[in-house]
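Student: Sequence:
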Amino acid sequence: MKHPGVFLILLELLLAVPAAAQVPSYRPAELDHLLERIALYPDPLLAQVLAAATFPDQLSDAAHWGICIMTSPARLSPK
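Counting from 542, one number per residue, gives the positions in the sequence shown under the numbering used here.
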């Protein structure tokens, strides 16, 4: 081998990289149980909920905003 140092460096890099995380696999019955509560919601609503779940730190702000909008006097007065 012409460059044993290169081989050793590559070997160290391969050993230093953590193994890929195991993705849990679920049986169909387990998936049905996990998803049964949201199965009948419309897809556009689920898209919004899942997008919001991407940023859980913002959920309390969004809830506060929704309460403010629903209880604002401007919303209650006729136009």
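Bear in mind the hints are in silico, worked out from the structure with no lab data behind them.
Don't take each hint at face value.
Claimed, not checked - What follows is a set of in silico ranges between Cβ atoms, one per label pair, in the way DEER data are often shown:
1) Ile-608 x Tyr-582: 28 to 34 Å
2) Met-611 x Pro-565: 36 to 42 Å
3) Cys-609 x Val-564: 17 to 23 Å
4) Gly-546 x His-605: 43 to 49 Å
5) Ile-608 x Pro-569: 15 to 21 Å
6) Glu-553 x Thr-595: 34 to 40 Å
7) Gln-599 x Pro-569: 48 to 54 Å
8) Pro-565 x Thr-612: 39 to 45 Å
9) Leu-576 x Leu-600: 18 to 24 Å
10) Ala-615 x Ala-588: 38 to 44 Å
11) Tyr-567 x Thr-595: 26 to 32 Å
Backbone N, C-alpha and C fix where the C-beta goes; we use that ideal spot for every residue, glycine too.
Student: Are the hints correct? Go through all of them and say.
Tutor: Consistency of the hints with the structure:
Under the hint 28 to 34 Å, the C-beta atoms of Ile-608 and Tyr-582, about 22 Å apart, miss the expected range. Taken as a hint, the range 36 to 42 Å holds for the pair Met-611 and Pro-565, whose Cβ atoms sit roughly 38 Å apart. Our hint of 17 to 23 Å for Cys-609 and Val-564 is violated, since their Cβ atoms are close to 40 Å apart. Separation of Gly-546 from His-605 is about 59 Å and departs from the stated range, judged on CB atoms against 43 to 49 Å.
A hinted range of 15 to 21 Å for the beta carbons of Ile-608 and Pro-569 is inconsistent with their spacing of about 39 Å. Against the hinted window of 34 to 40 Å, the Cβ-Cβ separation of Glu-553 and Thr-595 comes to about 36 Å, which satisfies the hint. Restraint check, Gln-599 to Pro-569: a C-beta distance of roughly 34 Å breaks the suggested window 48 to 54 Å. For the hinted restraint 39 to 45 Å between Pro-565 and Thr-612, the CB-CB distance of approximately 42 Å keeps it satisfied.
One distance hint, 18 to 24 Å for the beta-carbon pair Leu-576 and Leu-600, holds here, with the actual separation near 21 Å. The supplied range of 38 to 44 Å is broken by Ala-615 and Ala-588, whose beta-carbon atoms lie about 29 Å from each other. Evaluation of the 26 to 32 Å hint for Tyr-567 and Thr-595 yields a failure: the beta carbon distance comes to about 21 Å.
The structure fails to meet hints 1, 3, 4, 5, 7, 10 and 11 from the earlier list, while all remaining hints are met.
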